[in-house]
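Trainee: Sequence:
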Amino acid sequence: MVHYIHHADIDKHKWDRAVELSIGGMPYALSWYLDVVSPGWDAIIDDDYQIIMPVPVKRKYGLRYVIQPNFVQQLGIFSSQMTDSKTVQLFCRELISRFGYVILQFNYSNVSPGFTDLFPNYVLDLHRDYNELRSNFAENHRRNIRKVLQGRQLSVTTEAPPEQIEAFIHANDSFHGRISLLTQLSSIACEKGAGEWQVAVNSSGEIVSAIFWLKYRYRHIYLYSLSSSEGKSLQASFFLVNDYIRRYAGTTVLIDFEGSCIPGIARFFAGFGSRVEYYPILRYRNVWKLILHSLVPA
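Here the sequence shown stands for residues 1 to 298, numbered as in our numbering.
If you are wondering where the hints come from, they were derived from the structure by calculation, not from laboratory data.
Careful, some of the hints might be misleading.
[Said to hold, decoys possible] Pairs of lysine-lysine, DSS-like flavour, derived with a Cα cap of 25 Å: (1) LYS192 <-> LYS14; (2) LYS147 <-> LYS232; (3) LYS192 <-> LYS215; (4) LYS192 <-> LYS12; (5) LYS12 <-> LYS215; (6) LYS86 <-> LYS14; (7) LYS58 <-> LYS12; (8) LYS14 <-> LYS215; (9) LYS14 <-> LYS58.
All chains, please: the whole structure from these sequences, using the hints.
Mentor: Below, the structure written as structure tokens:
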């Protein structure tokens, strides 16, 4: 038996506990994270939060629909047990019975025969020592990293002032609409000890590249990255990821690159020796139901 729960009725203590105990536990599903990226999100749960699914509801022109929020790669169903196809179908039926438009990316533990669309993610287990990890880098990656290290033009810091990072983003990110959300999200994550800015600076102390890492349990997510034209010419992104791998080599950390279907970005991630981990996406569209359910409260 599953229930649709409106935001005001969600027990966030039980919710976060369920995420913590889940097999596919992702920081994207934590209540504080959802509150930032999808204010007013709803949920589908079983009888006592043993199995949960966040519903990122959005409203536009009076229409209610479900769509993947920015800075969220995987949502879907979270449970302490592997979700079987019957459970996936049950939750999906409940979702599409209430909305006429749904685009929702589930998590890797939800892969089921019912899904026809699977997207690639790239993950890298860092339990081996650095030299062994480096031996699995693509030759092009090793060459780029060697060139940067020999040039000694860059250094790494995780203590750059927030205002300097924000100024760098405003100057180099052409997608200005997401900067405010990123700033809010990264600030809260850092306050909670769940995030870190790693930046590369040139000899003048100027930021030329930055990565925001979102951290949850053993999974460190490559949530956002940006390089200036100088950073790109210096291959600063290779330098930063290599530094991060070196720092956490020999630990239980799993780097989650968030994957990409764009060939160039996919090659960048794969070139560090990462493996593919697929996650499914649900697409559903019924125009008349979209209008009807927007007129009648769910």
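Trainee: Now, for every hint given, state plainly whether the structure supports it.
Mentor: Evaluated hints:
A distance of roughly 19 Å separates the Cα atoms of LYS192 and LYS14; the hinted pair therefore holds under the 25 Å criterion. Between LYS147 and LYS232 the alpha-carbon distance is near 13 Å, which keeps this suggested pair within the 25 Å criterion. For the hint pairing LYS192 with LYS215, the CA-to-CA distance comes to about 10 Å; that is within 25 Å, so the pair holds. With a C-alpha separation of about 16 Å, the suggested pairing of LYS192 with LYS12 holds against the 25 Å cut-off.
For the hint linking LYS12 to LYS215, the alpha-carbon distance of about 20 Å falls within 25 Å, and the restraint holds. With a CA separation close to 24 Å, the supplied pair LYS86 and LYS14 stays within the 25 Å bound. A distance of roughly 20 Å separates the Cα atoms of LYS58 and LYS12; the hinted pair therefore holds under the 25 Å criterion. Restraint check for LYS14 and LYS215: satisfied, since their Cα atoms lie roughly 21 Å apart, inside the 25 Å limit.
In summary, the hint linking LYS14 to LYS58 is supported, as the alpha carbons are separated by about 24 Å, within the 25 Å threshold.
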